[in-house]
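*Asks:* Residues in the sequence shown are numbered from 1 upward in steps of one, following our numbering.
Quick caveat, the hints were computed from the structure, so don't treat them as lab data.
Straight-line C-alpha distance at most 27 angstroms; calculated BS3-like pairs for lysine-lysine:
1) 383 <-> 542
2) 495 <-> 542
3) 573 <-> 542
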Amino acid sequence: MPARVIGIDGGGSHTTACLVDADAGVLGEGHAGPSNLHGVGLERAVDSIVEAARAALAANPRLRHPPNRPAADLMVCCLSGAGREAEQRAIHDALARLGLAHQVHVDHDAAATLASGGVLGPGIAVIAGTGSFVWGRNAEGRTARADGWGALLGDTAGAFHIALAALRAVCACHDGRGSETRLLELARGHYGVASPVDLIARLATPEIPRTAIAAFAPCVFQAAELMDPVAVAVIDEAVGALVAGALAVRRSLFAPDAVTTYVLGGRLAREQPIFQERFAVGVHAAQPSDTILCPEDSLALGAARIGFERLGRAQAAPGEPRPLDPFSESDAVEERRRVFAECRDLPTEQRNPAAAGIDAMTALDIVRLMNREDARIAPAIEKVLPQVAEAVERIVAALGNGGRLFYVGAGTSGRLGCLDASECPPTFGTPPSMVQGVIAGGISALLRSREGAEDRRETAALDLDARGFSARDILVGIAASRRTPYVLGALEYAKAKGASTCLVTCSPPPALMASVDVVIAPVVGPEVVMGSTRLKAGTAQKMILNMLTTATMIRLGKVYENMMVDLQLTCGKLSERATRTVMTITGLDYDAATALLNRAGGSVKRAIVMAACGCTATEAQSALDRAGGFVRPAIAQART
Numbered sequence: 001m002p003a004r005v006i007g008i009d010g011g012g013s014h015t016t017a018c019l020v021d022a023d024a025g026v027l028g029e030g031h032a033g034p035s036n037l038h039g040v041g042l043e044r045a046v047d048s049i050v051e052a053a054r055a056a057l058a059a060n061p062r063l064r065h066p067p068n069r070p071a072a073d074l075m076v077c078c079l080s081g082a083g084r085e086a087e088q089r090a091i092h093d094a095l096a097r098l099g100l101a102h103q104v105h106v107d108h109d110a111a112a113t114l115a116s117g118g119v120l121g122p123g124i125a126v127i128a129g130t131g132s133f134v135w136g137r138n139a140e141g142r143t144a145r146a147d148g149w150g151a152l153l154g155d156t157a158g159a160f161h162i163a164l165a166a167l168r169a170v171c172a173c174h175d176g177r178g179s180e181t182r183l184l185e186l187a188r189g190h191y192g193v194a195s196p197v198d199l200i201a202r203l204a205t206p207e208i209p210r211t212a213i214a215a216f217a218p219c220v221f222q223a224a225e226l227m228d229p230v231a232v233a234v235i236d237e238a239v240g241a242l243v244a245g246a247l248a249v250r251r252s253l254f255a256p257d258a259v260t261t262y263v264l265g266g267r268l269a270r271e272q273p274i275f276q277e278r279f280a281v282g283v284h285a286a287q288p289s290d291t292i293l294c295p296e297d298s299l300a301l302g303a304a305r306i307g308f309e310r311l312g313r314a315q316a317a318p319g320e321p322r323p324l325d326p327f328s329e330s331d332a333v334e335e336r337r338r339v340f341a342e343c344r345d346l347p348t349e350q351r352n353p354a355a356a357g358i359d360a361m362t363a364l365d366i367v368r369l370m371n372r373e374d375a376r377i378a379p380a381i382e383k384v385l386p387q388v389a390e391a392v393e394r395i396v397a398a399l400g401n402g403g404r405l406f407y408v409g410a411g412t413s414g415r416l417g418c419l420d421a422s423e424c425p426p427t428f429g430t431p432p433s434m435v436q437g438v439i440a441g442g443i444s445a446l447l448r449s450r451e452g453a454e455d456r457r458e459t460a461a462l463d464l465d466a467r468g469f470s471a472r473d474i475l476v477g478i479a480a481s482r483r484t485p486y487v488l489g490a491l492e493y494a495k496a497k498g499a500s501t502c503l504v505t506c507s508p509p510p511a512l513m514a515s516v517d518v519v520i521a522p523v524v525g526p527e528v529v530m531g532s533t534r535l536k537a538g539t540a541q542k543m544i545l546n547m548l549t550t551a552t553m554i555r556l557g558k559v560y561e562n563m564m565v566d567l568q569l570t571c572g573k574l575s576e577r578a579t580r581t582v583m584t585i586t587g588l589d590y591d592a593a594t595a596l597l598n599r600a601g602g603s604v605k606r607a608i609v610m611a612a613c614g615c616t617a618t619e620a621q622s623a624l625d626r627a628g629g630f631v632r633p634a635i636a637q638a639r640t
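When you get a sec, could you build the whole thing from the sequences and use the hints?
*Replies:* What follows is the structure, given as structure tokens:
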């Protein structure tokens, strides 16, 4: 009689059983509830496994086996939450007593993931289902893992974590703390509630309903497909964590130049194209020659395949795994050569002869050298001030026409753009959407380096699409080396939309760039630490960004004389600055200036016009409106 194996795939949301015959293939499949030992406990986990196995046996009415006899030679249970020997023994003993198979073998779900892709030797399983887990095995049998810490401590790329982050964003949107997001309406529809407040009764229970929360994850991907920036940010952070885990396991087990295979498992990783695309891009940015497989075969069939191997019998043939973004070794070599050729002659990648012995210098000599090198920055910027001024005029025109300014960069450049953008609302009273920073790798890249994200040229368009970028907007790319793929992709996308574009770089392009209207390229020379563009190049970029937004805001009437008059009184320091501004311009004492500001509704502009013209707040605002928000002409008009 041909060997028969029951393969079990058990997770935090569901359990699948597959009855497989060595000759006839799959005879039946069954499904049941969750079987993660930590999520539901031993008794319920075993009940789900048994229910799924019996459903698989009953699925084929022609299947005959003697009563009170095991239906299979071996049952292989590959379960999330069963990575330790004690857990495996507890499940094994409970199932062995039931007699569904002659033998029972219990393993974790990563083993089934690899086997589902036909990988029974070295490889890395990357699982994103309700939770998330990375597990690898090398040719010597050594293993390593990342994440899989459970819902409380980790599982940062699983459906539960993604859904929970999205639901928190929904609550923040509802009460005004967070950004607008499509997730709000999707949550109402998914849970059948009129308001997020009603989610408290549904989800904030003594026993956290992990399955009910995780079930919202598909809605997050639905919103991401519609380019909702909040949903995209949630997914980017989750996938970034999974990429980091996969690469950590790879470093632990395989040589840097070894071609390594990853097999995706879990519903999110198998069924969500956005998830797959972003994971592939992240891995290939670091290891272009590695292979990522997304098998058609289920993890339950992978578990059965392990069973046939243990029995020494013919295995069920795997379906053809689908590789994600295949990148051949020859392609990888060619890509490295291309990047080397591009970087070889860049000013930012040269060695600074003055710093050749910096490793043997004292601390005082090091900082003296750095200070001397920094003295080169202002003269270099002096040479490109006409281009800076041209960029300012373009930004003024765009913002004056209802457009927005987008800074786009990666690494240090991206962080500088986000920093400058974030300072505009409190300093100049602009809405947060008027000046936006976009960084490769998403919001998490602000706090933690995600340098591989800069090579994802195609994701720049997705990130800008998510923000509704249009021809009325203007984009300033920031790239010290001028060649950052993410920034170049953003510039090309913006130009295709018909928008104005500028590039701030410390490596002048050898020829005109079709996608850039204005190139601002101060040459500050090589860094004291070769290639560390967070030094002189970063300082030059910061100075230029300061000029762009400050000059723009002055040209838009946000400054009177040399004092900020549109600042938002969001903290004690800014409130006191507003009072001192009114005192300085009007000559009033502290108490009188404070009282005037109160009558002006906290508006420094209105207070100045009221004091200069002896008018009411309403009259002052009318004069400002007629003057386009500029204080000087508003005073002249109010006096006439």
